[in-house]
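Colleague: Please build the complete structure, drawing on both the sequences and the hints.
Chain by chain, the residues run as shown.
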Amino acid sequence: MLENYFPVLVFIIVGIVFGCMPMVLGWLLAPHRPNAEKGSAYECGFEAFEEARLKFDVRYYLIAIIFILFDLEIAFLFPWAAIFKEIVGTPGVKLFGFVEMLVFLGILLIGYVYAWAKGALDWE
Amino acid sequence: MDFKSAVFYFLATVLVLASLRVITARNPVHAALFLVLAFFSAGGIWMLLQAEFLAIVLVMVYVGAVMVLFLFVVMMLDINLERLRQGFWSYLPLGATIGLLMTLEMALVLAGRYYGLEAMPDPGASGAGVNNTKELGRLLFTDYVYPFELASVILLVAIVAAVALTKRPRKESKAQNAAAQIAVRRNDRLRIVSMPSEKE
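Protein chains in written order, with the numbering used here: chain X, 59 to 182; chain U, 989 to 1188.
If you're looking for bench data, these hints aren't it; they were derived computationally from the structure.
Be aware that a few hints might be false.
From the derived model, a few chain U residues whose C-beta atoms are all more than 10 Å from chain X [what the hints assert, rightly or not]:
#: 1; residue: 1013
#: 2; residue: 1048
#: 3; residue: 1082
#: 4; residue: 1085
#: 5; residue: 1143
#: 6; residue: 1154
#: 7; residue: 1183
#: 8; residue: 1185
These stretches of chain X come out as covered by chain U in the derived footprint (C-beta under 8 Å, 3 or more residues) [unchecked claim]:
#: 9; segment: 72-81
#: 10; segment: 116-123
#: 11; segment: 129-143
#: 12; segment: 156-165
#: 13; segment: 169-178
Where is the CB? At the ideal position from N, CA and C, for every residue including glycine.
Modeller: Structural data, given as structure tokens:
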């Protein structure tokens, strides 16, 4: 099974090398002679007077957590889709494999309707 | 050392170093990004253990979603780094003792019985045709249907809790509520006062 994933490893390595090589080459080849005047803010720039860190609205958090929960729901769908034909083909559990996922999605639909009704999906 | 061991040692080294940086990095955003690297390396190790579905879900759910949330929280907190480091040394003895105790307890419970080499035999090389996702689905949707449905209930609780905890109407919001506008009654807007008519 692992040999199927060898191309993926090659892809990752090529991607890392391709992404890092220009930066490494630039760092090696470019002249690097900084001084205080070169490094200072100039023209329209000014010295920073406060931290760049600022408070995010809590609504970003709500969107992110709803995304995670439905992401997890999707993660359950993948093995089901992979096995679906096999489950439906088995005599004893013909409809069962279909209905169990409907129940799963139905329960999560309640959460979706709740989030929608509460206005969690609206920005304003 | 064959190729697989080399890949494992590389991933394990990256994982350990990245995990160390998670707890030693001064900037919390850097720590979160090192956690992403640690998740990636752990995903690679799971892939080496032939748990392909788990590896991909780890990358998809943890790197794709949970870390976004972590970064939001780290940024949302508006952490004052100087204040955060205050009192580090005074809290260290207590924190270190508790951490050490917890590690010891977990090690005593789990070591040997669950993590020994006998408990975790090599799954053996499965052929190129074996589909890990199908194996998982076969078990999950037949033998473990009840826990599977329970998972949806847990997710539902999480959705409701997240919405209930974080959703609050914004006061400065200028959005119109059309339903409230239509449903308004005359008495809400207008008060008719009976009074004697005035004469010049």
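Colleague: For every hint, state whether the structure bears it out.
Modeller: Checked hints:
1. Annotated as non-interface, residue 1013 of chain U keeps its C-beta farther than 10 Å from every C-beta of chain X; the closest such distance is 15 Å.
2. Listed as outside the interface, residue 1048 of chain U is inconsistent with that label: its C-beta sits roughly 7 Å from the nearest C-beta of chain X, within the 10 Å cut-off.
3. Once the 10 Å rule is applied to beta carbons, residue 1082 of chain U is consistent with being away from chain X; the minimum gap is 28 Å.
4. Against the 10 Å criterion, residue 1085 of chain U stays outside the reach of chain X, whose nearest CB is about 32 Å from its own CB.
5. A cut-off of 10 Å between C-beta atoms contradicts the statement that residue 1143 of chain U is not in contact with chain X; the least separation is 5 Å.
6. A cut-off of 10 Å between C-beta atoms contradicts the statement that residue 1154 of chain U is not in contact with chain X; the least separation is 4 Å.
7. With a least CB separation of 42 Å from chain X, residue 1183 of chain U remains clear of the 10 Å interface cut-off, as annotated.
8. Residue placement check: residue 1185 of chain U keeps its beta carbon more than 10 Å from all beta carbons of chain X (closest about 47 Å).
9. Here's how the segment 72-81 of chain X fares: 0 of its residues keep a CB closer than 8 Å to some CB of chain U, so the rule of at least three is not met and the hint is violated.
10. Judged by the Cβ-Cβ criterion of 8 Å, the segment 116-123 of chain X is covered by chain U as claimed, because 7 of its residues qualify and three suffice.
11. Here the segment 129-143 of chain X counts 10 residues with a CB under 8 Å from a CB of chain U, which clears the bar of 3, and the coverage holds.
12. Counting residues of the segment 156-165 of chain X whose beta carbon lies closer than 8 Å to any beta carbon of chain U gives 6, which reaches the threshold of three, so the coverage claim holds.
13. With 7 residues having a beta carbon nearer than 8 Å to a beta carbon of chain U, the segment 169-178 of chain X meets the requirement of three or more and the stated coverage holds.
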